[in-house]
Structure formats: structure tokens, C-alpha cells
Amino acid sequence: MTDAKQTGSTGGAITVHKTCCGICNAYSHCGIDAYVQDGRIIRAEGSVDNPHSQGKLCPRGAGIRQYVYNPERILHPLKRVGEKGEGTFEPISWEEAYQLIADKLKGYRADFGPESVAFVAGFSKWYRPPLQRLASSFGSPNYITEGSCCQEAHKMAWWLVFGGIASADIVNAQVVMIWSRNPFYSNMDNNRAFYEQLEKGKPFIVVDPRKTSFTQKAAIHLQLKPGTDGALALGMANVIIQEKLYDQEFVEHYVHGFEEFARLAAEYPPERVEQITGVPRELFIRAARLYAGAKPAALLTSASPVVHHVNGVQNYRAVVSLAALTGNYDIEGGNRVIPSGYLLVTGFTPSNEKEYLGHFTFDAPAMGHREFPVWAEFLPEQAQGMLLPKYIHEEKPYPIKAVLGFGMNHMMWPDSTYMLSALKKLDFFVSVDLFMTETCRYADIVLPACTSLERSDVKIFADGYVQCFPPAIEPLGESRHDIQIIFDIAKALDLDDPHLRMSYEEYMNFILEPTGLTVAEIQANGGIMRPHHTLPPYQERKYRDHGFPTPTGKVELASTVVEKYAQEYGYDVVPQYRSFDEVYPQYADRETWPLMINTGSRRPQYMHTRTYRMKWIRELEPNDLLDLHPQDAEKLGIQSGDRVRITTPSGSIGATANVTATVFPGVVHMYHGNEKANTSYLMDHDFLDPLSGYPGYKNFPCRVEKEV
Amino acid sequence: MTVGTIIKLNPERCVACYACVVACLDAHCAVDEDGPMLRRAIRVETDQGEIHCASLGCMHCEDPKCMAVCPTKAIYRDRETQLVQVDPGKCIGCHSCLVACPFGAPAFTKGNKMVKCDGCIQRVKEGRLPLCVQTCPSKALTFELPRTGGEESGPNP
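If you read the protein sequences in the order shown, they are chains A and B.
First residue of the first sequence? That's 1 in this note's numbering, and the numbers climb one at a time after it.
First residue of the second sequence? That's 709 in this note's numbering, and the numbers climb one at a time after it.
Treat each hint with caution, since some may be false.
[As the list claims (entries may be wrong)] Below, a sample of chain B positions facing chain A; criterion: calculated Cβ distance under 10 Å:
id: 1; residue: V723
id: 2; residue: D734
id: 3; residue: T754
id: 4; residue: C761
id: 5; residue: L764
id: 6; residue: T789
[Said to hold, decoys possible] Here are the simulated lysine to aspartate or glutamate pairs, DMTMM-like style, with alpha carbons at most 25 Å apart:
id: 7; chain 1: A; residue 1: K202; chain 2: B; residue 2: E720
id: 8; chain 1: A; residue 1: K635; chain 2: B; residue 2: E753
id: 9; chain 1: A; residue 1: K706; chain 2: B; residue 2: D755
[Said to hold, decoys possible] Each pair of labels, with its calculated beta carbon distance range:
id: 10; chain 1: B; residue 1: A738; chain 2: A; residue 2: T15; range: 15 to 23 Å
id: 11; chain 1: B; residue 1: H803; chain 2: A; residue 2: E90; range: 48 to 56 Å
id: 12; chain 1: A; residue 1: R541; chain 2: B; residue 2: A738; range: 41 to 49 Å
Hint data in this document are derived by calculation from the structure and do not stem from the laboratory.
Think of the CB as a built atom: it goes at the ideal place given N, C-alpha and C, for glycine as much as any other residue.
Just chain A, with the same shape it has in the complex:
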């Protein structure tokens, strides 16, 4: 044990640099005081004077030194010399790397068309506008983000019903219904605010297949079998309609398809819903009455849990329809329509992101646009990247020859066997990353990125603050920040695009322009301040003047967008509930597969794959736990701590049993993102929601055995 101050006494002067974390999403990115000595961070703590984060940090941010100075950080551009997957590389210069990349990409564009090159952004959002612009300018429609399996399908459900998502106004709501989210482990910077509401006695209804620290504080916890959300929502809708608890004036004036929806809901009487979902009828009837009886009431949905199901978008359409029935859309205390700003953060601070991206058209359709036509309408600027390994393997309808990936991790895709063999087959793969991941080991060229503490970066927060600190330290080794790498590659490709020929500071100032701020002004004011210009403040019920941005101009409980493709693609126009084995009957064999696996929940110390390399974090808890209910454990003769094997129709991995009554009987649960117990091996690559292309991570059949 060393006291930083004691070690400090032997070295140079210690200076405190204001900076920020970048490990989780752009809503948080908490302020950090980095204590720097001789160019190295010797301590890090939350910045108490940062008005956005107020000194608090989560465990990832608190341990950020082990992220920055991780032994697995990539410090030099590397070229593969061994077999793919083996991880043998030799250093090359940046110039050599850029030249090689430019020569290869130009070659594929000439021989196979620009669409044969895919540009992939992993979880990070901060470099996405330049990466999208690079793909567009290069001519490829195949710009892919982690939105291919996170948050976009959930927004698609809102978009199909209302024409756009609306945020829960928790503070002003009388009742809050949280549909499948653990707020305490999701965006932890909101924990204090949630406690304020709970301690005031505000009633929360929480739908969650697991018991969590949050569900036990809820007025009503609806613990459902994973993937049965649609049936539960339709059951609640039925109660609301039968008991005439819905907002009749709103429905009459603003809703399209109410009759059809009501007929669908009537197929879900309480007995049937109880049988499908496992939730006692008196509980969800009470929840329906509580949510519909209060006005305003807010509905807090979540990015992935419900839509990680092969009927996920339909299930979430049924859920958000509850906000339509009750007229809680676009009102204070209900769900408010708030502008989506820079890097997907909602709020009233403008940016030039859209102007930066511009508008492009391409000759070839993006990957997934023909397979998932509703996705193509909803998110025309992004490919549905879950098909990436399929396009690589099958070369149909056109081949993918090269991938330029930034923070791309193969574990995002279901069926790692399939994905890794696709990366092996790929002609040319460039991986830009912080750490030497398993994915990087399949790359031809690996480029070292740097962390948020080694760069400057504009943040526009939901609370209105705009933040941009200078780098706290120089980038480690030869690492560079992603946007610099994107601009350098654009130059090597001779792309004559002024938006890619900017300096980084020019880029940031371009984005900031509508705020009236510049990087220089923000940094002269300590790195965080309010903008000079904001968008007009929130106004309720904008639909009264403008209608809803849907084809009918109304709330669509029966979707006219889905209707266009219903016949050809077999889609349901009203949000019918379907179980996973109704959508994919090949998995209906419950004798071979008596259990169900649910993956992908958050833990506070992990952010997908990214903090497993930090020793302080990794050693806090066992990382390969398979949660199973005591009833199932008893049947299988398994005790906590036993080595077990979980097998699905797709694959098999080892795990450590954790017997816990927090999971539903018949359902086992594992966390994702761990290279050493990778749950993606368990999932089938074809097991996708036909509407969104999202993998069914929350609901796949399995069996569990004790290892001998």
C-alpha cells in the first residue's frame, strides 16, 4: 500500500487536472479530478465542483487509473504477422498503417463497390458523427453502430406508435411505471434523484423478471417470465379498456386503430395473462388500475431488455400503447417529447450534428434494409449490422470485404463461433481499440485509441451543461483519439470532403456553433458551463397543433408502417404477443431444453465488455455466475459454487452456479460481455426479431448440468 502523497514527495509537483470519465454513456461522463505528477495520473476522484456530476462516481470511474494504465492497452499501430485469432503482431508506423488501409479500401471500392466496406462503431458514441461521415463520403451505406442491438429497436417501438420516443417525467408524475430496468444499476448518476422520489413515497410499478434492489422498493413488482412483456401489457390494456379507465377523449381524437387494438387486448383476459406471464392476476390488475387511474403517470422504458426478444418490438409496442390509452403522451408528469440532441442525449441544447452529417444517397441498399424494411424506414442512415457475419459468410446479396471497426467487440453479435469465423474469413479487418481484445486478435491492422483523459471532447448533457476539458495527460504510447484517426484515414483516402478535413478543434467548434460557445470559451470558464443559446422550452401536447409524425398523423395502435410489409414479411399490424417458439418453432422442444436463459443485465461495475480488464473491478465478485432458482437447483442437484455447464441449441459454456431466489423459476440468468464466460456462444445467429433484426438475448432455451 502506497500513499499517493508519500510517493509524490519524491517526484515532481502534483497538479490537479479537470477531466471526465468516458466509460459509460454520454448522459453521464462524470467529472474527474486527475492528480498528475510527471505526466502520469497518480490519483483520480470525482470533481465536487462539476455541476453535472457533483463529485460522485461509479466504481468504473473511481478506478479509471486501471483503465488508462491497463497492461492490455494497445500502445502502437500493429500489423498482424501470425494467423488470425492468434494475436501475433508487429509494430508499424502510423503512416504505413494509413497507407495500407487506404490502398486496401480503395481497391475493394473499385473491385466490389463501396458497400463492400463496412464502418462499425462499438458502444462509444463520441466519435460517431465523423465515422458516419467517413462512411458516407467513402460511398458506403454500411455504417453500423451498436444501435444494431441496443436502444434503436426500443425507439422503433415508440416511433411506430407515436412517431417518436417520449421521456418519462419522473419528478412530476403521480405514478411511475418502469418497464424492465434497474435504475440503480443502469445510469447510476440518477440514483440520488430516484431515492428522492422513493423517499417522498411516490408509487413505482416495476416490471422486471428478476428481483433487484429497486423492485423491492416498488409499490408493485410484476415479476414476469422473460419475454412475456407483450402479453402482460395487453392484459393490462384489456383491464384499462374493459374498466373504461382509458382517456376516452384522447383516444377518440388522436388514436388510429383503437377498435382493432381493443379486440386484440380482449384476447388477453386475466386468467390467460397469468398463465403466460406467471404474474398473479390481482397484481397486474392493481397495476393497471394504478397506472391508468393516476394522471399524469410516467412510463420509463429501457434500451434493450424487452427488445432483446424475437417478438421484442411488438412486445414493446404493446407496452408503450399503455401511454396512448391513458393519454400520458407529451404531457408534464407523463412522457414528454424532448429533442434528441448531440450523440443521442435528449435536451434543449442545440448542436450542429445533423448539419455535420449531411445527406447522402447510395447506389446499393444498406445491409439489413431489405431484410428489415421497417428498420430501413426508421433508421435509413444505419445498416442493421447483426447481418454482418451473414453477409461475410454468404456474400449475398453482395460481399463484405473489409471492416473498419472502432471499439468493435464481436461479443455484441450472437453466436461467437459464427462471428469469429466470419472475422477469420474477412479479407481485411482494421480494429481501433484501447485494449488488445479477442476481436483485435482477428484484425489485420490494430490501431491504438486513447481514453477520455487523454483527449479533449465536447459533451452536451441532458441537464443543459456543455463540457469540454483539455487533455489531462498526453496520449499513452503512440495512441491517438478516434476522431484524429478517422480524419487521418479520410486524408489517406484522398476524400475531398471539407467535413473530414477539419482540425479536431474546428470540428468541435462546428458542433458547438448553435450554442454560441467555443471550445476556447468553455475551457476559459473551467471546462463546463451553460450554453448561450438554447432551444425553445418544453411545451405540452404539441400534437394538438401538428398531429403526430406518423403516416396517419395519429397515434397508431394499428401500424400503417408495419401494414405495408405485413403480408410479404408476416408481420402483425397490431402488436400481437408471440412467444419465442411461436416465432421460431424449431426451438419448441422443451424436453431437451427445459430451461430458459436470460442474459444482458447490467452490473454496476461493468459496462458491457469494457471494464473486465481492471483488476480492482474484476476481483469484486465472481464473473461467470449462472443464477438459478432454488427449485431448479434442487431438481438438478446443484449448489452455489458448483461448476456447471450450460448448453443451448447453439453452443455451450462453463459457469459457476449461484442459487438465488431473485430469478424466476425455470429461468437461468448470466451477465454478458465476459471473454472468459462469453454468453454469446449460447445464442443462435439467426435467432433475430423479424421486425428489428435484434437478437433474442433475453429468451433462449437451454439446459444446465453439473460438471463432474
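Since the structure of chain A is provided, determine the placement of chain B on it from the hints.
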């Protein structure tokens, strides 16, 4: 907690997120060191799946049991801050303090000297909060010096 302490835990707010644990490690360890861990976060489940969480380390009791049992008076209370401190020179490694502590806080170095949370005494003297308290995303940990009329002190709102 029924024991009066300077670092206070509201177990109703703790979710065992480990922010306090890692903040404490960062404060005391070089980047490649692992401890000893002076703060732990625990999560206990009942047979029905009810979850109880706590962040535990030295809570700096108003009436420290460890201090009372220490045969060499190696444990003492800092006069200025009231934080409970250890003089490793006087510690004989008898572990009486560990037996007495309701929070299981004392740890021992390889040389069998007791080591525990010092309450970030240097920070407190500078008018700042202990790091675990400052970092806690749920405000489950708070810091109250005795004889300040129960008001929370320190600069953090």
C-alpha cells in the same frame, strides 16, 4: 445501525455498487496494487430473494469498541477531527480490535500490524469529505462529525 458513528451508512440507500470500495483503493494504492481493502460492499440475499446491501469499513464509532480493548493504546481518537486512528508502532498484532469491531473493519499487514480506514483524515482536515462519502452515487454514506449538532459537514451538497 445502532452504533453512533462519524461515517454513517443508510442501508436503505446502499445498492452495493462498489463505488466506495474502488474509490478507497484508488486513494491508497498504486495502479498495480490491490489493497489491503479497507472498505467492502456486501450484498446478502434472503431465501425469498430479498436483497440487503451494506458498505462497511471503519465507521469511526463515537464509542469505539476497538479502542477500549486495545491493550497497548495503539488505537486513539484524533483530537481535531475525532476520527479513530492507529499507531502502527504501538500495535502488537493481538487482533483484539478485530474481535471487538461490530463492522469487521480491522485488517492486518504482512507484518501483523493493524490497518484500517483513517477516515481520509488529511482530506477532512482540509475541509473535504472522505472519498467513499464523496463518491457514493446513492448518497448512502454520509459524514457527520460529532458535536456539530447533527449537521452534515464538508463541502459536498
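Hints and how they fare:
no.: 1; hint: V723; result: holds (4 Å)
no.: 2; hint: D734; result: holds (6 Å)
no.: 3; hint: T754; result: holds (8 Å)
no.: 4; hint: C761; result: holds (6 Å)
no.: 5; hint: L764; result: violated (14 Å)
no.: 6; hint: T789; result: violated (17 Å)
no.: 7; hint: A:K202 to B:E720; result: holds (16 Å)
no.: 8; hint: A:K635 to B:E753; result: holds (21 Å)
no.: 9; hint: A:K706 to B:D755; result: holds (22 Å)
no.: 10; hint: B:A738 to A:T15: 15 to 23 Å; result: holds (19 Å)
no.: 11; hint: B:H803 to A:E90: 48 to 56 Å; result: holds (54 Å)
no.: 12; hint: A:R541 to B:A738: 41 to 49 Å; result: violated (58 Å)
Consistency note: the structure conflicts with the earlier hints numbered 5, 6, 12.
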